[in-house]
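> Generate coordinates for the entire structure from the input sequences, incorporating the hints supplied.
Protein chains: 2
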Amino acid sequence: MRVALKEAEAAVAQDEIPIGACVVHKDQIVAQNHNRTQELNDPLAHAELLVINELMTKGSKYLYDCTLYVTLEPCLMCAGAIILAKVGRVVYGAKDPKSGVAGSLLNVFQDKSYNHHPELKSGVLAAECALLLTDFFHKKR
Amino acid sequence: MRVALKEAEAAVAQDEIPIGACVVHKDQIVAQNHNRTQELNDPLAHAELLVINELMTKGSKYLYDCTLYVTLEPCLMCAGAIILAKVGRVVYGAKDPKSGVAGSLLNVFQDKSYNHHPELKSGVLAAECALLLTDFFHKKR
Chain E
1 MRVALKEAEA
11 AVAQDEIPIG
21 ACVVHKDQIV
31 AQNHNRTQEL
41 NDPLAHAELL
51 VINELMTKGS
61 KYLYDCTLYV
71 TLEPCLMCAG
81 AIILAKVGRV
91 VYGAKDPKSG
101 VAGSLLNVFQ
111 DKSYNHHPEL
121 KSGVLAAECA
131 LLLTDFFHKK
141 R
Chain P
1 MRVALKEAEA
11 AVAQDEIPIG
21 ACVVHKDQIV
31 AQNHNRTQEL
41 NDPLAHAELL
51 VINELMTKGS
61 KYLYDCTLYV
71 TLEPCLMCAG
81 AIILAKVGRV
91 VYGAKDPKSG
101 VAGSLLNVFQ
111 DKSYNHHPEL
121 KSGVLAAECA
131 LLLTDFFHKK
141 R
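From first to last, the protein sequence lines are chains E and P. Residue numbering for the first sequence follows my numbering, starting at 1 and increasing by one per position. Residue numbering for the second sequence follows my numbering, starting at 1 and increasing by one per position.
Simulated from the structure, these hints should not be mistaken for lab results. Since the model is a prediction, treat every value here as computed from it, not as a measurement. Do not take every clue at face value.
The list makes no distinction among identical chains, and a pair is therefore deemed to hold if it is satisfied within one copy or across any two copies.
DMTMM-like mimics (lysine to aspartate or glutamate), calculated; alpha carbons at most 25 Å apart, straight line [as the list claims (entries may be wrong)]:
#, residue 1, residue 2
1, K86, D15
2, K61, D96
3, K121, E9
4, K26, E54
5, K95, E128
Below, the structure written as structure tokens:
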């Protein structure tokens, strides 16, 4: 999660919403990125989607044996991508009461309707993850 | 929807699951594609995500004044992407009782928890859209 937080901090320097993610496979970081919606002019350029896409283009198809760390609770699109990519484990920091679907609006990872259920851990370094976001939006005002 | 169906038919020829999509803006087709999960070895390469991504890379950011036609009810990831890209209107063909979240498992487009609510029409050429899929999977068996 420290690596994901570093990514989120790097996002601030680029005036991006500070959300970072990384993927760990066998104790090694295999992808890391942050939200790039401003840079790419693309509302879909969320940190989680970017790291999953990077691993797909590198030749992975499914990520059963990977852990995805992300500083903010995933949204509908990212949670859907996590299920499709069959990510084995998801660890997130702060809750997102407005858009999060891994405990806030819904908990799609524990919903038996879907055909993959990543192991889920939430609240890791939550205060630090949330503070980056509140500071960012506070300064924007 | 005829164009989306043609895309789905083209998918069959490439041994891809036959799901097609297109985006219409001011009576013009501005993007069209089909499921490419096999070709790209990427479980995220759904028709809807591919057409939205194409428009993003062409410089669109939001698709308020566009209609997305897709032969099958969108999944969690694609519905999330549709909300993030603020697609104005979604028209789909066949229902997807296993993974669809625009009327089957959920109806996220009419859920007030989310901050964008595309106009929704379903069941357009549903029988033809569904037949392509059932034929495809029948031949696979």
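> Would you mind marking each hint as holding or not holding in the structure?
Evaluated hints:
Taking the shortest Cα distances, K86 and D15 sit within 25 Å of each other only across copies (22 Å), while inside one copy they are farther apart (31 Å). Taking the shortest Cα distances, K61 and D96 sit within 25 Å of each other only across copies (23 Å), while inside one copy they are farther apart (28 Å). In this assembly of identical chains, K121 and E9 lie within 25 Å of each other by CA distance solely inside one copy; the values are 22 Å within and 42 Å between copies. Taking CA atoms no more than 25 Å apart as the test, K26 paired with E54 passes inside one copy only; the shortest distance there is 17 Å, against 34 Å between copies.
Within a single copy, K95 and E128 get their C-alpha atoms as close as 12 Å, which meets the 25 Å cut-off; across copies the closest is 42 Å, which misses it.
Violation of the numbered hints given earlier is absent; every hint is satisfied by the structure.
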